[in-house]
Amino acid sequence: MSSFYDFGTYFNCSPHFDFINDSSMEKINNTCRFDDQIYTETSPSSIHPIVRFSLQLFYGLIFLCGVGGNTLVIYVVANHSKMKTVTNLYILNLAIADLLYLMGLPFLIVTSHVGNWVFGNFMCKMYMVVTSLNQFTSSFFLSIMSADRYIAVCHPINAQKYRTAVISKILALSAWACSSLMIFPVFLYSRTFEVENQIKCNIFWSNTSQYDEQRLFTLYSLILSFVFPLMLIFVFYGLVIQKLRRIKANSSLSGRRRSQRKVTRLVLTLIVVYAVCYFPYWTLQISLFFLPPGQSHPSFVIFLFPVFLLSCPTLIQLLTQYYTHF
Numbered sequence: 001m002s003s004f005y006d007f008g009t010y011f012n013c014s015p016h017f018d019f020i021n022d023s024s025m026e027k028i029n030n031t032c033r034f035d036d037q038i039y040t041e042t043s044p045s046s047i048h049p050i051v052r053f054s055l056q057l058f059y060g061l062i063f064l065c066g067v068g069g070n071t072l073v074i075y076v077v078a079n080h081s082k083m084k085t086v087t088n089l090y091i092l093n094l095a096i097a098d099l100l101y102l103m104g105l106p107f108l109i110v111t112s113h114v115g116n117w118v119f120g121n122f123m124c125k126m127y128m129v130v131t132s133l134n135q136f137t138s139s140f141f142l143s144i145m146s147a148d149r150y151i152a153v154c155h156p157i158n159a160q161k162y163r164t165a166v167i168s169k170i171l172a173l174s175a176w177a178c179s180s181l182m183i184f185p186v187f188l189y190s191r192t193f194e195v196e197n198q199i200k201c202n203i204f205w206s207n208t209s210q211y212d213e214q215r216l217f218t219l220y221s222l223i224l225s226f227v228f229p230l231m232l233i234f235v236f237y238g239l240v241i242q243k244l245r246r247i248k249a250n251s252s253l254s255g256r257r258r259s260q261r262k263v264t265r266l267v268l269t270l271i272v273v274y275a276v277c278y279f280p281y282w283t284l285q286i287s288l289f290f291l292p293p294g295q296s297h298p299s300f301v302i303f304l305f306p307v308f309l310l311s312c313p314t315l316i317q318l319l320t321q322y323y324t325h326f
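The numbering used here numbers the first residue of the sequence shown as 1 and each following residue consecutively.
Hints in this document: simulated from the structure, not taken from any laboratory. Please note that the accuracy of each hint is not assured.
[To be verified] For lysine-lysine, the following DSS-like pairs were computed, each having C-alpha atoms within a straight-line distance of at most 25 Å:
1) 169 x 262
2) 243 x 262
3) 82 x 161
4) 262 x 125
5) 243 x 125
6) 161 x 262
[Claimed, not checked] Between beta-carbon pairs, the in silico distance windows are:
7) 215 x 280: 44 to 52 Å
8) 110 x 194: 17 to 25 Å
9) 154 x 113: 48 to 56 Å
10) 223 x 280: 39 to 47 Å
11) 49 x 167: 26 to 34 Å
12) 165 x 216: 36 to 44 Å
Every residue gets a Cβ at the ideal spot worked out from N, C-alpha and C, and that includes glycine.
Please construct the entire structure, taking both the sequences and the accompanying hints into account.
This is the structure we're talking about:
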C-alpha cells in the first residue's frame with residue numbers, strides 16, 4: 001500500500017527571505033528548516049555514522065521490497081483473468097502509485113549520504129511531483145474502494161449496473177486527474193536553492209509569508225488527502241458493517257455473499273493499516289505548527305518508518321487469497 005512522505009511537499013522554513021523577484025533569490029536571512037526531510041534536517045556531520053548507515057539500509061530494503069512486491073501485484077492482477085475484478089483494478093492502481101513513489105527512494109538515499117541535492121532543478125521538480133502523487137492517489141482510491149464495497153454489499157441488485165469495468169476505469173482516471181490537480185502547487189513552487197553552501201530540493205513560495213503558506217499548504221493537504229477521505233471511508237464502512245451484521249445470523253450464506261465478506265475484510269484491512277500508519281505522521285505535522293521557525297524536530301525520522309512501510313506491500317499475501325471473481 002501506499003505511503004506518503006513527500007520530501008518537500010511538507011516543509012518548514014523560516015519566513016525571513018528576501019527576493020529579487022518571484023524567480024530568483026538574492027539572499028537568505030535565516031536558515032530554512034526542513035523538518036520533514038531527513039537529509040536536510042540532520043546533516044551527515046550531525047548524525048552518528050551507524051545511525052545514518054542504518055537509515056540508508058532501511059530505505060534500501062524498503063525500495064527492494066516495495067518494488068518487488070508492487071511489481072508482483074501488477075503482474076498477478078494483469079495476467080490472471082480471475083484477478084481482473086473491480087476491486088483488484090483499484091488495488092492495481094494503488095500498486096502503480098506505490099511504484100512511482102518508490103522511484104524517489106534512491107534519490108533520498110544518495111541525498112542522505114552526501115547531504116546535498118546533486119540531481120539538478122528539473123529532477124528536483126519531477127521527483128517531488130511524482131512522489132507527491134502518492135499522497136492523494138492512495139486516499140482517493142481507498143475512498144473509491146470503500147464506496148465500491150458499499151454498493152456491492154448494501155445494494156447488490158444495482159451493483160452489476162455500477163460496478164463495471166468501464167465505470168471503474170473512469171473512476172481510476174478521475175482519481176489520477178484529481179490528484180494531479182491537487183499537487184499543482186508542488187509542480188509550481190518546487191525548486192533547488194542554496195542554503196549554507198548546500199543545494200537543497202524543496203518547495204519555495206514566491207513571497208515572504210513562507211511560514212504561513214507552509215501551514216496553509218499542510219492543512220490543505222491534511223484535509224483533502226486524509227481527513228475528508230477518511231470521513232467518507234468511515235461513513236461507507238459504517239453502513240457496510242451494519243449490513244453485514246444484519247445478515248450474519250443467516251448461516252446459509254451463499255458462496256458469493258461469503259466472497260463479498262472476504263473482499264470487504266481485505267479492503268478494510270488496507271484502510272486500517274493506512275490510517276494507523278499515517279496518524280503519527282499527521283500528528284507530528286500538526287505539532288510542527290507550534291514550533292518556532294528555525295527549530296528542528298529530529299524525532300520526525302521515527303514517525304517516517306510506518307509511512308515508508310506502507311509502500312512495501314506486506315498485504316500481498318492477503319490479496320492472493322481472493323482469486324474468486326467478485
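Hint check results:
1. Taken as a hint, the residue 169 and residue 262 pair is honoured in the structure, with Cα atoms around 23 Å apart against an allowance of 25 Å.
2. Restraint check: the Cα-Cα separation between residue 243 and residue 262 comes to about 14 Å, which is no more than 25 Å; the hinted pair holds.
3. Under the criterion of a C-alpha separation no larger than 25 Å, the hint pairing residue 82 with residue 161 is consistent with the structure, at around 20 Å.
4. Between residue 262 and residue 125 the alpha-carbon distance is near 41 Å, which puts this suggested pair outside the 25 Å criterion.
5. Straight-line distance between C-alpha atoms of residue 243 and residue 125 comes to about 46 Å, which puts the hinted pair past the 25 Å bound.
6. This hinted pair checks out: residue 161 and residue 262 have alpha carbons roughly 22 Å apart, not beyond 25 Å.
7. One distance hint, 44 to 52 Å for the beta-carbon pair residue 215 and residue 280, is violated here, with the actual separation near 19 Å.
8. A hinted range of 17 to 25 Å holds for the C-beta pair residue 110 and residue 194, which are about 18 Å apart.
9. In this structure the supplied range 48 to 56 Å holds for residue 154 paired with residue 113, their Cβ-Cβ distance being about 51 Å.
10. Evaluation of the 39 to 47 Å hint for residue 223 and residue 280 yields a failure: the beta carbon distance comes to about 18 Å.
11. Checking the proposed 26 to 34 Å range against residue 49 and residue 167 shows it is violated: the Cβ atoms sit about 54 Å from each other.
12. Taken as a hint, the range 36 to 44 Å holds for the pair residue 165 and residue 216, whose Cβ atoms sit roughly 40 Å apart.
Of the hints listed earlier, those the structure fails to meet are numbers 4, 5, 7, 10, 11, in rising order.
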